[in-house]
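Protein sequence lines, in the order shown, are assigned to chains Z and S. Residue numbers for the first sequence follow the numbering used here, beginning at 1 and rising by one. Residue numbers for the second sequence follow the numbering used here, beginning at 1 and rising by one.
Honestly, I wouldn't trust all of these hints.
Okay, the calculated beta carbon distance ranges per label pair [claimed, not checked]:
hint, chain 1, residue 1, chain 2, residue 2, range
1, Z, Asn753, S, Ile116, 37 to 43 Å
2, Z, Ala529, S, Lys190, 57 to 63 Å
3, S, Ile116, Z, His558, 50 to 56 Å
4, S, Pro45, Z, Lys131, 50 to 56 Å
5, Z, Pro477, S, Glu59, 55 to 61 Å
6, Z, Lys551, S, Pro45, 51 to 57 Å
Stretches of chain S that chain Z covers, calculated by requiring three or more beta carbons in the stretch to come under 8 Å of a beta carbon on chain Z [unchecked claim]:
hint, region
7, 7-16
8, 31-43
9, 165-173
These aren't lab readings, by the way, just hints derived from the structure by calculation. Note that the structure is a prediction, hence the values are computed from the model and not measured. Ideal placement from N, C-alpha and C gives every residue a C-beta, glycine not left out.
These are the residues of each chain, in order.
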Amino acid sequence: MTNQIQDLKMSDCFMVCGSNAAENHPITFKWIEQAMNREKDPAKLIVVDPRFTRTASKADIFAHTRPGTDIVFFGALIKYAIGNNMVNWDYVKTYTNASFLVDPNFSFNPGTGVFSGFKETEDPKTGKKKKSYDTATWAVQKGPDGKPLKDPTLQNPQCVWQQMIKHYSRYTPEKVEQICGIPKAKFEEVAKTYCATYEKGKSGVLMYAMGLTQHTYGTQNIRTFAMLQLILGNMGVPGGGIDALRGCANVQGSTDQALLYHIFPGYNPMPNSAKNPTLASYNEARLKAVGSAYWSNTPKFVASYLKAMYGDAATKDNEFGWNWFPKLKDGVNYSHMALFEAMYAGTVKGLFVVGQNPAVGGPNADMETKAMEKLDWMVVQEIFDHETPNFWQRPGADPGSIKTEVYLLPACANGEYEGTFASTGRVVQWFYQSGSPKGESKKDADVWGLILKKLRELYKADAKAPNREAILNLYWPYGEEINMEEVLAELNGYVWDTKKRLKNFTVLKEDGSTACGNWVYGGVYPEEADYPGMDKPETLAAAQASFAKTKGNLSKRHNNEDKGNVAIYPAWCWCWPVNRRIVYNRCSADPAGQPWNPEKNIAQWNGTKWVMVDVPDFKATDPALPGNPPVPPDVSAANPFIMLNYGMGQFFCLATLVDGPFSEHYEPIETLFKNEMNGSQNNPMAKIFNQSDMDKLAELGDPNYPIIAGTSRVTEHFQSGTMTRNQPWLVEMQPNMFVEMSKDLAKRKGISNGDWVKVKSIRGETEAVAVVTDRLQVLKVNGKDTDVVNMPYHYGYKGICTGGPKNISYAANVLTPNVGDANTAIPESKAFLVNIEKA
Amino acid sequence: MANQKAILVDTTKCTACRACQVACKAWNENPGEKTENMGSYENPPSLSSYTWMRILFNEYYKNDKMTWLFTKHQCMHCTDAACVEVCPPNATTHKEYKLPDGSVLKTVATDPNKCIGCNYCRVACPFDVPGYNQKEKGIFRCTMCFDRVTNGVAKYDVPACVKACAPGTLSFGDREELIATAEKRVAVLKKAGYAKARLYGVNELEGLTYIYVLTDEPSAYGLPNDPSIPASVQVWKALTKPYGLVAAAGLVVALVVNGVINARNRGLEEKYKLDQ
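Take these sequences, add in the hints, and give me the full structure.
Here is the structure:
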């Protein structure tokens, strides 16, 4: 989230698209309803979804849409806003790259459906075709000073603004009706309501989740709406933003700590063994790519991170142990689906699974469980025995022929130990131990500590072990029972010699004198002298009282005072970065530093200095000058998006996405329709995993699979159901796998409400209870009646509830394809093809 | 009903997350029941000795517009409570708990030591609150969490369902104040175009302990539009309470009524598979 959960109450309009907040993020609804029930100017809730959900039940406007067509809808909103002059011009002209002149060789060809620089090459060895983009033209024109050329009038046909108008001119309400199945009048009602937030002082927010991301163009879905938010002036303002609703209590935290393969902690890209053989080469490439963005501090982040990793062994001479640090092999994808392809192919031999249940949660689950059969060993560390460690005795498997050695390590649940959760709004909150671990169970960190201990013994004994120093030199100051507060101190960062914790990341050094496990957590755990409020006599007493409770750990603060009445709550736990609740908050005020709305005042220039409610995300004072003087508003107005090159909100994306600087509609890989927007059926850069014989895809218009399907969640269950399907109170509320379908479809198929039905895709089949409802409707797409169904993905074949009475897998993911987003490789689980018949 | 405590259910804010349903089970240590999906999210299919409250889901599709109504179903703790009236051994009675702030928590409860398991209360109840549980030897229903409310750390604690409610659907407080809040809410809803917005529970059966804000007829939510004490109970009352009646005639009529009630009871058993 660019904002935080409580901030939802400041909004004037919610666009909930690709999310079911009421069901999957129930607490967000507390704040949404506060905004909707406000006496003065109550907020509007718009829900656009393939099905009428519990969220939709509270909506002012609801529109049924076809899964996978969001770019058409959002693109048309962009065209509508500009065409109707619903533009916050001051915002667009000052805070975005609208005026930048685009490279004259940049183009998009609707005939071919690709941007300039596209090429298709054939591997001479395998004969396989490879699609790629040379992104050289996805750039702006620069003057002799290296700065972008601009046309402040936004009239030059080469400027970003005009290029954007041209690009989205094809995205008309007629196309929305034709492609999404949203009637023109309904589209206009939505557009008029949402775009009204362009008015100065109004704000609107996008709330999205997997409904937007799980597509082969998921990143571009969100980017399209981000562009609309810039047009309307909705980024960086209270009640605005792009709010990703994270799927688990701590998925933000796990992302921060680099759960994903492409980054290491602190959102630093993973180095590449071919391109970054030295730290110097990594830093050089990074500095070139990030330009003027705050990321130019990367060398400090990386040196401090490596110091935390390798301690005394990390020296300037050995580039802080850069050689030991893991690197990606050039051209190799390490994402979830790629790993399972590699297991299936037999190249990956061992699998360590923690807090995940791929036999239920992974796409093309039959293929993924088959891949597990080819492993030598598998370790599963879990609080419940679930489907994955039992893949060898899954329905239909022959246990005698499976040789994989499976180890199940009992983990304990949060509450049986202490630590932090980082909420979807980046708020890091300490949770306390309220019970003791059961039996032999241990917390994850302790298990890894033990594994490291054993590994060290093995590496020590084997002088020839590869990358031996990386294991032997790892700095590990923790005992067998790890104190999680000490881990938080490492994330916060400290001076290496004195072990004094750092104030925040601004004091990090690139000479190895500071260690920091994750620069974005810098400031979560300061020393007493740096504790917030200690520096002013008027706040000293309160600060001392707070410190007495937290001992410096700011994630333990529980003061819910809302200073300024703007839902900032600065002393409620701690928010990264530097307790900043709304990122890009320079944009909450106009170029002269006055808030767009006095009732949403989080940053104001009073003529001599900045008066802040939130922590500034811009240079409010200049510590480099004597006396740390205030910096007038025009300076920060020229660099409001400090994490982006040139400091401007990007309508034109500068070569950071692989599939285009503007977004373009492509059809889902499995679809019933030809792409009506351009000449490329699918995203040319989509990640298609097709190495195994189990990677099947239905062809366009395959008559065997005439129904569009998607997966989703319900309030009562969580993710792959590992925890909730073992909880009787939750199981009694949602006991069975089900599929929601329209009454019309059910009638044609002879299905009654409550019947068991078979759901089949080209990859697999499962059974489900038919929930026949008006909440799903037959959509009119391209003049054709189109059926959409939806299933929860929580069920499987283990636990006190599997989803049904038979010995089969009730996992919806046996149906989903293993194709993924061009940028992130998240699977396309929200739009694929199935058929349904009565069981 | 001055100073009486009540729960306000503002259904317009309910998202059917059912945290209340789980909180009720958790606080009262009631087990999960074995259920099946019958084509709806609503489950368990009825109240029981182990399920003292549940959220009802009702959906309507009219003029291309979908409405999905949610409401909370449990014992209403009626002032004019049929179950109290009908109970032969006077096992089911009104209870009162005095709270430190001077207010009163009123409930309807059944004393298991006096209960004879006749199930008349079940038949008489206009809200379908369950009757005698053979296995557990008693009648179990919403208690208004008197054990939380009367044992609060501060003035009083709120019932478990209220504590769990995130969107602000449920609130616990002084009945008159809650009614005033609800009236304001209804006015806002009417202004916003909900012509049928109304209060429910203020005057029904001389006042329920649960007050509802609705946007449609109660029946659209699965609540009786005009809850009343069944005619058979009225007859029962008329016959048993005035002692001057000829005993024999009374006995005859009572037997007839008894037969009617038992027949209906069997029907219900069939319908809801009453607890064994």
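Query raised in the report: Checking against the hints above, which ones are violated?
Result: none
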